[in-house]
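Assemble the whole structure, with the sequences as input and the hints as a guide.
Protein chains: 2
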Amino acid sequence: MNEMRPFKDDFFRYQARRFQELMAEVVQCCETRTAYFSEKFGIPSAELRCLMLFREEKYLTVKGIAQKLDVAKSRVTKIVSGLLEKGLVTRIDDPSDGRVKLISLTREGRAKSEEIASLSSRMHEMILLEMEPEERKMVLTALERLRTSMEAVKERMM
Amino acid sequence: MNEMRPFKDDFFRYQARRFQELMAEVVQCCETRTAYFSEKFGIPSAELRCLMLFREEKYLTVKGIAQKLDVAKSRVTKIVSGLLEKGLVTRIDDPSDGRVKLISLTREGRAKSEEIASLSSRMHEMILLEMEPEERKMVLTALERLRTSMEAVKERMM
DNA sequence: GCTATATAGATCACACTATGAACGAGATGA
DNA sequence: TCATCTCGTTCATAGTGTGATCTATATAGC
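Protein chains in written order, with the numbering used here: chain A, 147 to 304; chain B, 147 to 304.
To be clear, the hints were calculated from the coordinates, so they are not data collected in a lab. It is possible that part of the hints are untrue.
No copy is singled out in the list; a pair is fine if it fits within one copy or between any two copies.
Dumping the calculated DSSO-like pairs for lysine-lysine here, alpha-carbon to alpha-carbon at most 30 Å [what the hints assert, rightly or not]:
| no. | residue 1 | residue 2 |
| --- | --- | --- |
| 1 | Lys283 | Lys224 |
| 2 | Lys300 | Lys283 |
| 3 | Lys186 | Lys214 |
| 4 | Lys247 | Lys283 |
| 5 | Lys204 | Lys300 |
| 6 | Lys186 | Lys219 |
Next comes the structure, spelled out in structure tokens:
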């Protein structure tokens with residue numbers, strides 16, 4: 147077994163390097179996609195992300211959006227004002243609390259958000275359709291495993 | 147087979163949604179890592195990325211860096227001046243062409259870049275070590291397959 | 001050698017993402 | 001009612017990125 151050791155280490159290092167490369171390529175591809183969406187819909191990516199939140203909830207507050215997007219409240223004020231200017235969103239006063247503003251989609255915003263979500267789904271479906279059914283299962287299992295490992299390491303290091 | 151159809155479609159849609167979710171989580175995790183590195187080393191992420199290029203080549207030009215990072219030359223001027231201020235990089239005139247500046251790491255920059263690369267490798271290794279050897283192979287195969295499919299769809303759409 | 005053109009890098013204006021401190025207005029508990 | 005808390009806004013600051021423009025150098029053709 148002793149003479150296997152260096153070989154095993156080499157193989158592991160090779161795997162780690164390959165892993166690093168592949169992750170970089172996949173993430174790069176995702177970033178390209180984000181930029182493409184932003185350009186295609188003529189909406190900055192932060193605003194796109196914000197729009198997508200309204201698929202879960204009809205009304206959102208600045209604070210709620212900040213939490214969901216994981217950004218500062220001041221950032222949300224800016225993002226929402228961008229969406230307001232584009233007429234994709236309205237902002238009304240909460241009748242039960244004068245401090246909070248309830249933000250919701252306009253009809254136009256609803257249409258836009260559906261269009262975006264549908265293209266996004268279609269794109270993900272296309273990627274899976276590139277694969278054979280067993281490959282799809284394998285990729286999903288692997289992604290699940292990968293996510294778990296990444297979260298675990300993140301937890302331990304940060 | 148007819149009665150299988152709706153079931154199959156449902157399953158595929160379920161897979162696509164799961165895929166979308168997992169990808170978002172994985173990419174999010176990578177972004178957190180980038181921010182963590184930037185904070186830990188006290189260097190903006192674009193400058194970190196630039197530093198890493200010198201592991202391949204000892205001397206780089208502004209144009210070369212722009213191509214490798216896939217950004218405009220003007221961005222590179224800014225990034226390099228940041229690294230210059232931090233003393234991680236030097237800029238000398240190319241003796242064979244008065245227009246070009248040759249950028250290379252200082253001793254300090256070399257040390258920093260090695261430190262960063264080594265932490266990055268260690269982190270990727272830790273993620274793989276969370277898995278069993280067969281899982282590692284599976285994940286790498288899946289990532290390879292995924293990257294290919296993503297590139298293929300990107301090619302077709304953009 | 002001289003001129004037109006191409007190229008390298010710097011500078012500038014602009015746009016987007018993001019944070020944190022400070023602030024005004026409204027809520028709320030003692 | 002007064003201190004305190006919370007909500008959303010504004011502002012200064014920092015980072016990422018583009019494209020137009022400019023200067024200086026290089027080079028190909030005359």
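Going down the list of hints, with the structure as the test:
1. Lys283 x Lys224: Intra 41 Å, inter 45 Å, cutoff 30 Å: neither.
2. Lys300 x Lys283: So Lys300 and Lys283 pass the 30 Å test inside a copy (26 Å) and across (21 Å) alike.
3. Lys186 x Lys214: both (24 Å within a copy, 25 Å between copies)
4. Lys247 x Lys283: neither (44 Å within a copy, 51 Å between copies)
5. Lys204 x Lys300: neither (33 Å within a copy, 32 Å between copies)
6. Lys186 x Lys219: Both: 27 Å inside a copy, 25 Å across copies.
In this structure, the earlier hints numbered 1, 4 and 5 are contradicted, and the remaining ones agree with it.
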